[in-house]
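Chains A and B are the protein sequences, given in the same order. Mapping of the first sequence onto the numbering used here: residues 2 to 114, in sequence order. Mapping of the second sequence onto the numbering used here: residues 10 to 288, in sequence order.
It is worth saying that the hints were derived from the structure and are not from the lab. Here the structure is a predicted model, which means the values were calculated and not measured. One should not assume that every hint holds.
[What the hints assert, rightly or not] Here are the in silico distance ranges between beta carbons for each label pair:
| # | chain 1 | residue 1 | chain 2 | residue 2 | range |
| --- | --- | --- | --- | --- | --- |
| 1 | A | Leu44 | B | Ala61 | 28 to 34 Å |
| 2 | B | Gly52 | A | Pro69 | 51 to 57 Å |
| 3 | A | Pro85 | B | Ser136 | 54 to 60 Å |
| 4 | A | Lys102 | B | Ser131 | 53 to 59 Å |
| 5 | B | Gly52 | A | Leu44 | 20 to 26 Å |
[Said to hold, decoys possible] Derived DSSO-like pairs: lysine-lysine, alpha-carbon spacing no greater than 27 Å straight-line:
| # | chain 1 | residue 1 | chain 2 | residue 2 |
| --- | --- | --- | --- | --- |
| 6 | B | Lys56 | A | Lys76 |
| 7 | A | Lys35 | B | Lys34 |
| 8 | A | Lys35 | B | Lys60 |
| 9 | A | Lys76 | B | Lys60 |
| 10 | B | Lys60 | A | Lys48 |
| 11 | A | Lys48 | B | Lys56 |
| 12 | A | Lys48 | A | Lys35 |
Ideal Cβ positions, reconstructed from N, Cα and C, are used throughout, including at glycine.
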Amino acid sequence: MPDEISSDFIRGYIDPMILCVLLQGPSYGYEVSKRIRQISGDLYTVKETTLYSAFARLEKGGLVESFPQVAENGKRRTYYRITPAGIDHYQARCREWKLTKDVVGRFMEGCGA
Amino acid sequence: MDDIRDYLESVFSKLPQTPEAHRAKDELGQMMEDKYAELLAQGMPEKDAAKATIAEFGNPDEVLESLGVTPQPARKWHPGRIVAVVLGVIAVCCVCWVAFCGRAEADPHAGNVDATIGENFSSVDVSAACGDVVIKSGDVARVSYSGAANTSFEYEVQDGVLHVTQTQTSSAGTQASDGIVITVVVPSTAELSSIDATTQLGSVDLQGVEAARMTVSSQMGDVDVSDVDLSNATLKLSVDMGEIILDGNEVSPGTVIRGTGERIVDVSAEMGDVTVTAL
Numbered sequence: 002m003p004d005e006i007s008s009d010f011i012r013g014y015i016d017p018m019i020l021c022v023l024l025q026g027p028s029y030g031y032e033v034s035k036r037i038r039q040i041s042g043d044l045y046t047v048k049e050t051t052l053y054s055a056f057a058r059l060e061k062g063g064l065v066e067s068f069p070q071v072a073e074n075g076k077r078r079t080y081y082r083i084t085p086a087g088i089d090h091y092q093a094r095c096r097e098w099k100l101t102k103d104v105v106g107r108f109m110e111g112c113g114a
Numbered sequence: 010m011d012d013i014r015d016y017l018e019s020v021f022s023k024l025p026q027t028p029e030a031h032r033a034k035d036e037l038g039q040m041m042e043d044k045y046a047e048l049l050a051q052g053m054p055e056k057d058a059a060k061a062t063i064a065e066f067g068n069p070d071e072v073l074e075s076l077g078v079t080p081q082p083a084r085k086w087h088p089g090r091i092v093a094v095v096l097g098v099i100a101v102c103c104v105c106w107v108a109f110c111g112r113a114e115a116d117p118h119a120g121n122v123d124a125t126i127g128e129n130f131s132s133v134d135v136s137a138a139c140g141d142v143v144i145k146s147g148d149v150a151r152v153s154y155s156g157a158a159n160t161s162f163e164y165e166v167q168d169g170v171l172h173v174t175q176t177q178t179s180s181a182g183t184q185a186s187d188g189i190v191i192t193v194v195v196p197s198t199a200e201l202s203s204i205d206a207t208t209q210l211g212s213v214d215l216q217g218v219e220a221a222r223m224t225v226s227s228q229m230g231d232v233d234v235s236d237v238d239l240s241n242a243t244l245k246l247s248v249d250m251g252e253i254i255l256d257g258n259e260v261s262p263g264t265v266i267r268g269t270g271e272r273i274v275d276v277s278a279e280m281g282d283v284t285v286t287a288l
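Sequences are here, hints too, so could you generate the full structure?
Written out as structure tokens, the structure is:
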């Protein structure tokens, strides 16, 4: 039996994961990936390609905005911040998740109990 | 760091140079640099840090999708393409005819070469105008050529690179590739950083020769790469009008990217099949 998380499944939740990190303030690619790993308790590491394609998708949908900023070490980086539409989207996804968890949970946690 | 840049270059090399692609490359580069820097700060040796960064990069197909590029485009035979194929076939027939007529006067031994290479080299660069290219593994480094009168053949080791070049000298007519073979034998003990092999007309055959970066192509002919360890490789296979056969299975035509390993194997054929078979 697999004890590892299904990457196909979790990829469907990468958008709310990124939005959750950006709710705490603007951030850049690698920092977001580090936060995701930390919040997941080291159980999930997002690949760079997954993260970048999610950023591109979120920006296209108006859920995040990007802006260039020079970091402490003088490096120029692309930062992302969540937009009001992004906050709405995140909250909607949270409600959807609660419902999903409730429905699927009925079948996965002690069937028929 | 150079390994990471090379890797990104190879992933993006065949994409259209759009602002989106440029931005994707730039940002993926930022993320990889950050990760690499952190691994170094944790005390990881440079080589291992680069390896880990590339290994965790993910699947390039994902990025292509976000750029609006379909990773495995379905090829359609639109009219322009059919005209191109017909013209191509006519051109090949003309080339063969001209070469056949010219061959009666050609000295069959002209340009024949069979030489051992004494100098050490860490890269191989073979460029042929017309003829088959074979690169294989053996005991000693060797270059051999069975040529024809209106081609010139040169080889030299310069700055650690074995350059093998065949060009057409006569403008009277192009040569048929039939019977012209350029063979390069690489010592089995050699550790190569790169192999580049290309021919305009003819096949390219790589057998049991490996390098960190392998770029193999033919404009008109099949390309065959066999007995190569692909367990830690990023494979980029592309055909314009032929088939791609990977480990005996036909995969969808167009451009296919497989794996995210460190060794970069880029195989392409414009009019011909690409066949890749792992060790």
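Right, here's what the structure says about each hint:
Leu44 of chain A and Ala61 of chain B have their C-beta atoms about 19 Å apart, which leaves the hinted 28 to 34 Å range violated. Checking the proposed 51 to 57 Å range against Gly52 of chain B and Pro69 of chain A shows it is violated: the Cβ atoms sit about 31 Å from each other. At about 57 Å, the CB distance of Pro85 of chain A to Ser136 of chain B agrees with the hint of 54 to 60 Å. For the pair Lys102 of chain A and Ser131 of chain B, the beta carbons lie near 56 Å from each other, so the given range of 53 to 59 Å is met.
About 24 Å separates the C-beta atoms of Gly52 of chain B and Leu44 of chain A, a value consistent with the hinted range of 20 to 26 Å. Among the hinted pairs, Lys56 of chain B with Lys76 of chain A is consistent with the structure: their alpha-carbon atoms are about 23 Å apart, no more than 27 Å. For the proposed pair Lys35 of chain A and Lys34 of chain B, the alpha carbon gap of about 20 Å is at most 27 Å, so the pair holds. At most 27 Å may separate the alpha-carbon atoms for a hinted pair to count; Lys35 of chain A and Lys60 of chain B meet this at roughly 19 Å.
With a C-alpha separation of about 23 Å, the suggested pair Lys76 of chain A and Lys60 of chain B falls inside the 27 Å cut-off, and the hint holds. Taking the CA atoms of Lys60 of chain B and Lys48 of chain A, the gap is near 14 Å; set against the 27 Å cutoff, the hint holds. Taken as a hint, the Lys48 of chain A and Lys56 of chain B pair is honoured in the structure, with Cα atoms around 20 Å apart against an allowance of 27 Å. Between the alpha carbons of Lys48 of chain A and Lys35 of chain A the distance comes to roughly 11 Å, so the proposed pair stays at or under 27 Å and holds.
The structure is inconsistent with the numbered hints 1, 2, although it conforms to all the rest.
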